[in-house]
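If you read the sequences in order, they're chains A, B and C. Heads up, the first sequence stops at 315 in the working numbering, and the numbers go up one at a time, no gaps. Heads up, the second sequence stops at 326 in the working numbering, and the numbers go up one at a time, no gaps. Heads up, the third sequence stops at 325 in the working numbering, and the numbers go up one at a time, no gaps.
It should be emphasised that the hints constitute simulated quantities derived from the structure, not laboratory data. Some hints could be false.
Unchecked claim - Within a straight-line C-alpha distance of at most 30 Å, the following computed DSBU-like cross-link-like pairs (lysine-lysine) qualify:
no. : chain 1 : residue 1 : chain 2 : residue 2
1   : B       : 8         : C       : 221
2   : B       : 204       : C       : 221
3   : B       : 90        : C       : 240
4   : A       : 190       : C       : 240
5   : B       : 90        : B       : 204
6   : A       : 190       : C       : 129
7   : C       : 186       : B       : 86
8   : B       : 86        : C       : 85
9   : B       : 9         : C       : 240
10  : C       : 221       : B       : 90
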Amino acid sequence: MSSPASTDTAAVEPGALARFFAGDVWYSFRRSPVAIVSFVLVLLCVIAAVFAPWLAPHDPFDLATLDLSDARLPPSWLAEGNPQYLLGTDDQGRDILSALMYGARISLFVALAAVLLSVVVGVALGLLSGFVGGRIDGFIMRVCDVMLSFPAILVALLIDGAGRAVFPNAHETLAFAVLILAIALTGWVKYARTVRGSTMVERQKEYVQAARVIGVGSGRIMRRHVLPNVLGPVLVLATIDVAQAVIIEATLSFLGVGVPPTSPSLGTLIRIGNDFLFSGEWWITVWPGIMLMVIALSVNLLGDWLRDALNPRLQ
Amino acid sequence: MKPLLEVKKLRVEFPTRHGTLLALDDISFTIAPGEILGVVGESGAGKSLTGAAIIGLLEPPGRIAAGQVLLDGRRIDELDADAMRKIRGKQIGAVFQDPLTSLNPLYTVGRQLVETIQTHLPLNAAQARERAIELLRQTGIPAPEARIDQYPHQFSGGMRQRVVIALALAAEPRLIVADEPTTALDVSIQAQIIALLRHLAREKGAAVMLVTHDMGVIAETCDRVAVMYAGRIAELGPVHEVIHAPAHPYSRGLMGSIPAMDEDRERLLQIDGAMPRLNAIPRGCAFNPRCPQVFERCRVERPELMPAGRTQAACWLHAGAGEVPR
Amino acid sequence: MLAFILRRLAQAVIVMLTVAFVAFMLFQFVGDPVTNMLGQDATQEQRDALRRDLGLDKPFLVQFGAFVANAARGEFGMSLRQSQKVSTLILERLPATLELSVIAAILALAVGIPGGVYAALRRERRSAKLLMGLSLLGVSLPTFLIGIFLILFFAVLLNWLPSFGRGETVALGGWTTGLLTVDGWKHLILPAITLSVYQLALIMRLVRAEMLEVLRTDFIKFARARGLGNRAIYYGHALKNTLVPVMTITGLQLGGLIAFAIITETVFQWPGMGFLFIQAVQFADIPVMAAYLCLISLIFVVINLVVDLLYFAVDPRLRAERSGH
Chain A
1 MSSPASTDTA AVEPGALARF FAGDVWYSFR RSPVAIVSFV LVLLCVIAAV
51 FAPWLAPHDP FDLATLDLSD ARLPPSWLAE GNPQYLLGTD DQGRDILSAL
101 MYGARISLFV ALAAVLLSVV VGVALGLLSG FVGGRIDGFI MRVCDVMLSF
151 PAILVALLID GAGRAVFPNA HETLAFAVLI LAIALTGWVK YARTVRGSTM
201 VERQKEYVQA ARVIGVGSGR IMRRHVLPNV LGPVLVLATI DVAQAVIIEA
251 TLSFLGVGVP PTSPSLGTLI RIGNDFLFSG EWWITVWPGI MLMVIALSVN
301 LLGDWLRDAL NPRLQ
Chain B
1 MKPLLEVKKL RVEFPTRHGT LLALDDISFT IAPGEILGVV GESGAGKSLT
51 GAAIIGLLEP PGRIAAGQVL LDGRRIDELD ADAMRKIRGK QIGAVFQDPL
101 TSLNPLYTVG RQLVETIQTH LPLNAAQARE RAIELLRQTG IPAPEARIDQ
151 YPHQFSGGMR QRVVIALALA AEPRLIVADE PTTALDVSIQ AQIIALLRHL
201 AREKGAAVML VTHDMGVIAE TCDRVAVMYA GRIAELGPVH EVIHAPAHPY
251 SRGLMGSIPA MDEDRERLLQ IDGAMPRLNA IPRGCAFNPR CPQVFERCRV
301 ERPELMPAGR TQAACWLHAG AGEVPR
Chain C
1 MLAFILRRLA QAVIVMLTVA FVAFMLFQFV GDPVTNMLGQ DATQEQRDAL
51 RRDLGLDKPF LVQFGAFVAN AARGEFGMSL RQSQKVSTLI LERLPATLEL
101 SVIAAILALA VGIPGGVYAA LRRERRSAKL LMGLSLLGVS LPTFLIGIFL
151 ILFFAVLLNW LPSFGRGETV ALGGWTTGLL TVDGWKHLIL PAITLSVYQL
201 ALIMRLVRAE MLEVLRTDFI KFARARGLGN RAIYYGHALK NTLVPVMTIT
251 GLQLGGLIAF AIITETVFQW PGMGFLFIQA VQFADIPVMA AYLCLISLIF
301 VVINLVVDLL YFAVDPRLRA ERSGH
């Protein structure tokens, strides 16, 4: 299975879509209940997150609408519940369901931004490393090796901690930037490695050498010939990476060093709710927990399925 | 002489999502004890599959759809896994193509030998080791007492294949299936390995099915040869006859494409076209689109193996022809 | 063999120096190094004296050298948050973290490896598929969530197990252990399980994948062709060939347990280094962060080295390459 090294982009577009639906990937998708279910779940979560401001029954950040007398209500189907607050409220009277949707929004935003950055950095460095070779390649690979030996959470914590010390009174945007950078820097290595491998393989091929002789620029060669071939594996890695990024962000926020407290993500919500576990108000922590679990699990399942579907050896 | 191995109308299928592919279509042949039968053909003709089907190691989803495999008169194609396992190694030995990947790199050669020996023969550890050393000696490995405790990567390619042959012969099987045993080796080593196989077969009276795409090996070693094409046998007969007087146009093309030292030619003979894929086998004779002597019947009716001079050929050219060959 | 060890040692030293460099940068440029060393309450004279002592006017390399020398002795100055020496704080917490990590590691291996083998050999069965499903859950769930759910279930709802702290510990020389008391064990169970889940799931998936890969190789096919029985093939040939590559990856992962302990310790308020580190990050307590970084790196590097040597011992191909044949 290889992507066509497209020579005529205009003609490829309609054909590509038709080919996709007739192809192995779509066939495999249709036959896999796991893939379909997880895709639907992911879609639902994404919709809930993206359209939170319109879909959520309440706005948990509008202080004016909060009513302390509504605080700590259990989910609506339990004894003291209020049907207005489907999943219950927290200690400030915020509706958990709405908080969930906004929280998911933040979580997904951070995760996607981080993975995007990760992919861009990783692919760029991988291309550079594979194409240029030599000492630059050696150096980049050394860095990869060192980074790989440290668990992601540690790297993220360090960068975040350093960021905090450098900008002690950072405002929201900066805090987000540092967080996204921290998470992105934990994940770029695998893209760099994969792309480097493919680049080196392609570089040896005759058509690349021929192109160089004619004088085609390296950039063009990399873009048109190497990139299409690595898109598949990169896509699989990125999908699983999103789940990992969501988890890292949630963990950082839970530990109190993630998103700023004014924009609570699912991790923040869980942390807040943790304090109420022992007083019996389990819903404040459990619902965000389940939401987080659903997102991470579905994305992981999707990534798993994608990897099997794109793996030629398993056909 | 009663044949040791009889394959009757063997049919092997591969169900896929595009439909069922017929990989082997009505294969029939026999091998007598002490005889070496060569099975030759292009890649994809079904030679290795035949061997795998006989040993009972077809990769799923491949399966035997019809036909029989008889060893010494008993059917072995329908045995359950456990019974088949007992036959493998003890009655049928196998040698595969790549000696490097055939051996477990983490175990010494001796350990792998002793394990095989003790699986099939009631010997204790010391006796098994003795026998292992003896096997290594017989396959021509120098200083076997020392080398028995070495690891596979410490042997050269040719030596490794000798170890593989020793392993295959460990329990004195009566039939040996050798699938491209020399393809991965240097040309100079090939001759030695082939000679070894032939010598051991003759000495122990074992029957050998030698699968290869190398006609030279066939010519040197085999008594009879089966030429396979697109999952069917095109020609079957004594080696000398098939090589010098091939009856099937495909075999003729094969033999003609081998350059001979005493001939003066400008171009090698080439058969136009390519062997059909399994999902596109033509109606009638599988070779008909490429055959220089094709006629109407070839395109309609599939020919069975029929007597053709001193061999048998699946070709309508010989319908109603000559003597009954061996 | 010797050349290999020397080379790996040299690499290890380079990694440590790199890490020390990063830690040094943290010290120098993130926050004020003098404050880092003396704490917030130092007087101006003390600061000036320290500036001279520290040679903050000296060239960069000299300062770096001094830092490395100090670091090698375990001297990282004073914590910014708690007025204690960093080294004291860390050494106090070390036993807690190590005990937790080791128990979690043993748990992960003891359940992960057999689980993976089972899932590979009986892959058609429902139980195997269920196992793989659970393992996917294990890798998808954040550690802290697992901890919270366990606390919710076993501590809050069932009230069987305690939910924070280490319980009764016994002091053995400089080491405090919770392994000698029932109470200590009760406190250890939930955190250990929480910490082990991710690694366990990872190991199980890895073992299964590797085993399936091995079962497809030529030498397994040849072993079958020789009539070897299932037991010899699966638990003899296949298992050994599976465990060799798995072992290296697993070894490195288990090193990561110590870092993962950060999360578990926070959830369970386990008084270990991880908990200390989090507090340091929250308060930008640079000396503690730097010290933790160096210590963790040292542990990783040592584990890496041990794993490499282990690989050497187990795979005969590597051995012969050195000695020649």
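Tested hints:
1. B:8 - C:221: 25 Å, holds
2. B:204 - C:221: 25 Å, holds
3. B:90 - C:240: Distance ~25 Å between residue 90 of chain B and residue 240 of chain C Cα, so the pair holds.
4. A:190 - C:240: 28 Å, holds
5. B:90 - B:204: It holds: about 14 Å lies between the C-alpha atoms, which stays within 30 Å.
6. A:190 - C:129: Judged against 30 Å, a Cα distance of about 28 Å means the pair holds.
7. C:186 - B:86: With a Cα-Cα distance of about 53 Å, the restraint between residue 186 of chain C and residue 86 of chain B is violated, given a limit of 30 Å.
8. B:86 - C:85: Roughly 71 Å between the alpha carbons, so the hint for residue 86 of chain B and residue 85 of chain C is violated.
9. B:9 - C:240: 41 Å, violated
10. C:221 - B:90: 16 Å, holds
Of the numbered hints stated above, those contradicted by the structure are hints 7, 8 and 9, listed in ascending order.
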